[in-house]
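Please model the complete structure; the sequences and the hints are all you need to start from.
Protein chains: 4
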Amino acid sequence: MLIVMKSDATRSDIDRVVEIIKKLGLRGHELPGESRTAIGITGNKGSVDPTHFENLTGVADAIRVTKPYKLISKDLRPEQSVIKVGNGFIGGGDLAIIAGPCAVENPGQVFKVAEAVAASGAKFFRGGAFKPRTSPYAFQGMGEDGLKILSEVRERFDLNIVTEAMDEHGIDLVEKYGDCIQIGARNMQNFSLLKYAGRTRKPVLLKRGLSATLDEFLLAAEYIMAEGNYDVILCERGIRTFSDHARNTMDLSIVPAIRRLSHLPVIVDPSHGTGHNYMVNPMARAGVAVGADGLIIEVHPCPEEALCDGAQALTPLQYSELVDQVRKIHDLVGEKTFAQV
Amino acid sequence: MLIVMKSDATRSDIDRVVEIIKKLGLRGHELPGESRTAIGITGNKGSVDPTHFENLTGVADAIRVTKPYKLISKDLRPEQSVIKVGNGFIGGGDLAIIAGPCAVENPGQVFKVAEAVAASGAKFFRGGAFKPRTSPYAFQGMGEDGLKILSEVRERFDLNIVTEAMDEHGIDLVEKYGDCIQIGARNMQNFSLLKYAGRTRKPVLLKRGLSATLDEFLLAAEYIMAEGNYDVILCERGIRTFSDHARNTMDLSIVPAIRRLSHLPVIVDPSHGTGHNYMVNPMARAGVAVGADGLIIEVHPCPEEALCDGAQALTPLQYSELVDQVRKIHDLVGEKTFAQV
Amino acid sequence: MLIVMKSDATRSDIDRVVEIIKKLGLRGHELPGESRTAIGITGNKGSVDPTHFENLTGVADAIRVTKPYKLISKDLRPEQSVIKVGNGFIGGGDLAIIAGPCAVENPGQVFKVAEAVAASGAKFFRGGAFKPRTSPYAFQGMGEDGLKILSEVRERFDLNIVTEAMDEHGIDLVEKYGDCIQIGARNMQNFSLLKYAGRTRKPVLLKRGLSATLDEFLLAAEYIMAEGNYDVILCERGIRTFSDHARNTMDLSIVPAIRRLSHLPVIVDPSHGTGHNYMVNPMARAGVAVGADGLIIEVHPCPEEALCDGAQALTPLQYSELVDQVRKIHDLVGEKTFAQV
Amino acid sequence: MLIVMKSDATRSDIDRVVEIIKKLGLRGHELPGESRTAIGITGNKGSVDPTHFENLTGVADAIRVTKPYKLISKDLRPEQSVIKVGNGFIGGGDLAIIAGPCAVENPGQVFKVAEAVAASGAKFFRGGAFKPRTSPYAFQGMGEDGLKILSEVRERFDLNIVTEAMDEHGIDLVEKYGDCIQIGARNMQNFSLLKYAGRTRKPVLLKRGLSATLDEFLLAAEYIMAEGNYDVILCERGIRTFSDHARNTMDLSIVPAIRRLSHLPVIVDPSHGTGHNYMVNPMARAGVAVGADGLIIEVHPCPEEALCDGAQALTPLQYSELVDQVRKIHDLVGEKTFAQV
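Top line first, the protein sequences correspond to chains A, B, C and D.
The first sequence begins at 5 in the working numbering and counts up by one.
The second sequence begins at 5 in the working numbering and counts up by one.
The third sequence begins at 5 in the working numbering and counts up by one.
The fourth sequence begins at 5 in the working numbering and counts up by one.
Keep in mind that a hint or two might mislead.
Which copy? The list can't say, so a pair holds if one copy fits it or any two copies do.
[Claimed, not checked] With a Cα cut of at most 20 Å, we get these calculated EDC-like pairs of lysine to aspartate or glutamate:
1) Lys26 to Glu308
2) Lys10 to Glu308
3) Lys152 to Glu172
4) Lys116 to Glu156
5) Lys116 to Asp149
6) Lys152 to Asp328
7) Lys26 to Asp98
8) Lys116 to Glu309
9) Lys88 to Asp12
10) Lys71 to Asp248
11) Lys71 to Glu58
12) Lys199 to Glu172
13) Lys116 to Glu159
14) Lys152 to Asp12
15) Lys10 to Asp335
16) Lys78 to Asp12
17) Lys26 to Asp335
18) Lys199 to Asp176
19) Lys180 to Glu156
20) Lys27 to Glu309
21) Lys10 to Asp79
22) Lys199 to Glu34
23) Lys26 to Glu179
Derived from the structure by calculation, the hints contain no laboratory data.
See below:
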């Protein structure tokens, strides 16, 4: 923490700041400048709350220096984490592909998609049994019955199941039927849910909130890890901005930014990230080219009849073309990416 | 819903759209234009999902016409709702003032603030026992012990208690000890929590999410009401934008926008909305001038020692000056506001 | 400037930073911390460019401390500036009201509005002769003929004319026919235009850009002042965010933020700031309550026939009601505002 | 345009809307629904201004249907445009690479970079002689002397010169010394400048404004084309959002969105788009993978000594690695991209 004094701060203003720093058990270092004095703080192990200082007389600004996370950090674990999800892995040299319908609607729909997903060589199947819908009158998902269908997909197609939980009961059920607990964008700062997920034994796919900064995203992962569950996969799924040609704005530069700070794997979701069928393939290619560890893609046998988010779902044919293309890009950039960032 | 066809759509493209409309049990109305055809849909009671149409050949756009909310709407209830909170009211002609510390820290701190709040004539006391903190290593609140202190405030100062719940267990506790359940911005689309709050008997203060549109905000209230709890108070607390001189950007035009659509009362939170002590008073005045039904204000006996959000807390003296000023503005604009929007 | 080193920075990394600081003619101060070293820089008169340091080995961050503006600053001029515009003043204790149609369409329309504006006691008339329109096919304004009509308004109604210039030729014409040069939001960082305006003798009303931060806004004013024209009035007119119930999001907390840093007067534009007739009055009230020095309001004798932005224009009757209301609020908060911030 | 009436609109409200439609020389089509009536408008050739209707009694909404652009549209020209810039081409099957320093500082610096750019096989050289700087006290560029250095680059290295103009005088000079006029993000809606550029004979590289929507971006191009200059290249360079890990948020999905609507070529700028050296390569790869026609990249012989934007500049070595990598990705996705969107 660095306290910047105003140019007209008096000696006693400075002394008062130094005194408060001492009271907090820390050390203050005066740094007199041409026109104003700054006071550096050391001795803190975590971060210091700037609000102790911001409103004191003579203080112009309190600037945070140390980052507030630990477990997600490369300082703690310099090598990349590889997360085991069922019998597959996310985060190593392979490109992880998680595909399936937005919502589980019925066994026929699900098995049809699962067939295409298995045929593509992907190891992970997604599908929502609990759906966070903006309106209470929209289809809310099949619940436990949906999870049973997903569980059957695992048996019949040897696919590992990634599915969303919206509350503690949901987490219990996903632990029972699935292989990876997805926490959605709207729950990224549902701290009670994060803590609960941190006490399970299943890996967690954590989606970035619509207005989450990088720090907030990493600290949400830190919440899960602080409870003892270190198997967290991060997912960029687009943020909310003024830009209106797509449903969200995919913020792909977060991939190298995460690589620089954290050992956790990061995947991207071009389906929710764009909301438009025709953008999914190009943005999936971009996500792999930027260095993501995987993709999560929505596939529906008949998008125009989907109960949820049909506009962004790929047909099985479009999906298999996408997998071909992104695998080639991944082969090309894979090694370089890891070397570079 | 209006389906706009591309200028090169064929007869059979149009027929396919009309056929799907029929399948959904609705009626399609062709509307041939100079250069393209549009197809209106009627017969729907709720809203129609545009994704049934967006990717069909020949379709340029599917435009939603009907709004998806019911219970929050002035169509349902043209007169303004007045919500009873403990022995006070929010939403009538009086200006509701909810004040107190960000976090409950200890009885001494709380009672000192409560004294100032009661002295100001306010009827509602706020204070967090469960704190949604960005970092898992920050102070997380006193929990049930904090609620007991708040409960004592009600007895000693005749103030009604507004306090946040972050999960179902928290809601149960707030029902027991408090008068109004606050649902925070980060949980505005925690749909499981909204539903649970909808099944309690206590009024709910719902804060707008950091990236929530007006529609999403109103639909979050609709979630609570759809479960049978009609006592919802909306709260604007700033949104997340690029603008960096304040912690959030207060979006005050949402007040007249809500008035136009909904019968629910709406208050504003200039403390979280700005994050800076010196902005709280001017933005509180603005919130009352724009026509809000009330304010929620953070007060701390010694802001620079606060365990949470000290930079935005007012001293008891600053708070009482604020109350004086906003009451005068409210007297001035009160009647006109209600007449006008 | 503060250079924060990584925790694994070596002695020679630190030496390299200090050496570069020296090369720039400045002094570096080492500040060793628990887990990392920071290096303070002093001796600079303006701000130091962080890019000299950001990519050096061992550097974690380069944090700017000194603000980059001078002439707009209260450090330079502690008392509030009052700007003379024609025979009126903006920035003193009086509330400045600038009103008129979005675009000058014909003498009849303009005189009808001018009559209402003069009757309200306002001293300033606005109206666009050059219109910045998103589409090249939309009405672009009447040009010099429009300015002549405005000039006639000054003679007949004793109103001072505020009108937009989009290029150097436009500035020359506004200097000839008008009293105040408006620079629109889309030109806030048209630095050539700012410099040209800085070399005129007429005051400049500078609108905040749609995505301008406070610093960028103040530095745009600094561009004008650095050329010798100190008569700048700032105008908040809404920023671009995801929020979609209004055309823009009015960021009213910029008013106290400007007051804290600058001596320049600041007004608000609730017409462009909201884009909706029914929001103009409430947001005008909010703007005055927050402490703005004035308002700029669009008025049209028949809004639904306006050639430009009719949805936000007030009728003359609505306008006169607004003036009554905001004057009362201004009387109430005026003195307190200046005392406080 | 579709006018949606309120559910309580009266017969005479509807008649009034239809009457105004007639007055405008258009045709209204009533479309009675379950709970409300909509009125479609046909007969318009361009777009209809919704403000004619929004404030009429009984009107709930006025929804725009027809897009307001013509010349940029694929309707007008279905095949992709290829723009000749000097002796090179942008927009065909080849990947166009434009590289060079942010600012022209001196001949030594420029020639050193030009050597690396020519060696990489790129055909286009960038470098700013007029720099739009946020602060009036920052380095503003070398002006005409800088252009002369660039002109020498063309002679010595056979590179085509792309350089920014900020005003009419600058455009005249770029026409004289350069091959392509760059219009920067801050001037994207400087309509006078766009018109002036539309009357030159040189191609224009138009950068997206920091808060420009897709429609606004395309209409800015339309301004240039409407004056007779059809040689416009679009450039995505990042938008302004709350996200703070990069200087801007690159909005790559605009590439497929532009492809769908327009025949104009589109390139991306990962240097300004990220602002950080370590992100430039990954985001350049992403930009090529998403289907852009080219890249614009900042290169500096010694980034930490750059007078402008050093943090984002690549060294010549980093640049040549980047070119190798993106060429391979382009070979891979090139044909597919064009086939698909």
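For each hint, the structure was consulted:
1. Lys26 to Glu308: Classified as between: cross-chain Cα gap 14 Å, same-chain 65 Å, threshold 20 Å.
2. Lys10 to Glu308: Between copies only: 17 Å across chains, 61 Å inside a chain, cut-off 20 Å.
3. Lys152 to Glu172: Intra 18 Å, inter 26 Å, cutoff 20 Å: intra-copy only.
4. Lys116 to Glu156: Within one copy only: 13 Å inside a chain, 60 Å across chains, cut-off 20 Å.
5. Lys116 to Asp149: within (18 Å within a copy, 53 Å between copies)
6. Lys152 to Asp328: Neither way: Lys152 and Asp328 sit 30 Å apart in one copy and 49 Å across, limit 20 Å.
7. Lys26 to Asp98: neither (51 Å within a copy, 46 Å between copies)
8. Lys116 to Glu309: within (14 Å within a copy, 57 Å between copies)
9. Lys88 to Asp12: The answer is neither: 58 Å in one copy and 30 Å across copies each exceed 20 Å.
10. Lys71 to Asp248: For Lys71 and Asp248, the Cα distance is within 20 Å only across copies (14 Å; inside one copy 33 Å).
11. Lys71 to Glu58: Close inside one copy (19 Å) and across copies (17 Å); limit 20 Å.
12. Lys199 to Glu172: both (10 Å within a copy, 14 Å between copies)
13. Lys116 to Glu159: This pair counts as within: shortest intra-copy Cα distance 15 Å, inter-copy 62 Å.
14. Lys152 to Asp12: So Lys152 and Asp12 fail the 20 Å test inside a copy (69 Å) and across (45 Å) alike.
15. Lys10 to Asp335: Answer is neither; intra-copy 55 Å and inter-copy 33 Å both fail.
16. Lys78 to Asp12: The answer is between: 12 Å across copies meets 20 Å, while 41 Å in one copy does not.
17. Lys26 to Asp335: The answer is neither: 55 Å in one copy and 46 Å across copies each exceed 20 Å.
18. Lys199 to Asp176: Close inside one copy (13 Å) and across copies (19 Å); limit 20 Å.
19. Lys180 to Glu156: within (13 Å within a copy, 43 Å between copies)
20. Lys27 to Glu309: between (65 Å within a copy, 11 Å between copies)
21. Lys10 to Asp79: Cα proximity of Lys10 and Asp79: across copies only (10 Å, versus 35 Å in one copy).
22. Lys199 to Glu34: Answer is neither; intra-copy 40 Å and inter-copy 40 Å both fail.
23. Lys26 to Glu179: Answer is neither: 48 Å inside a copy and 42 Å across each miss the 20 Å cutoff.
Violated hints, in rising order: 6, 7, 9, 14, 15, 17, 22 and 23; the structure is consistent with all others.
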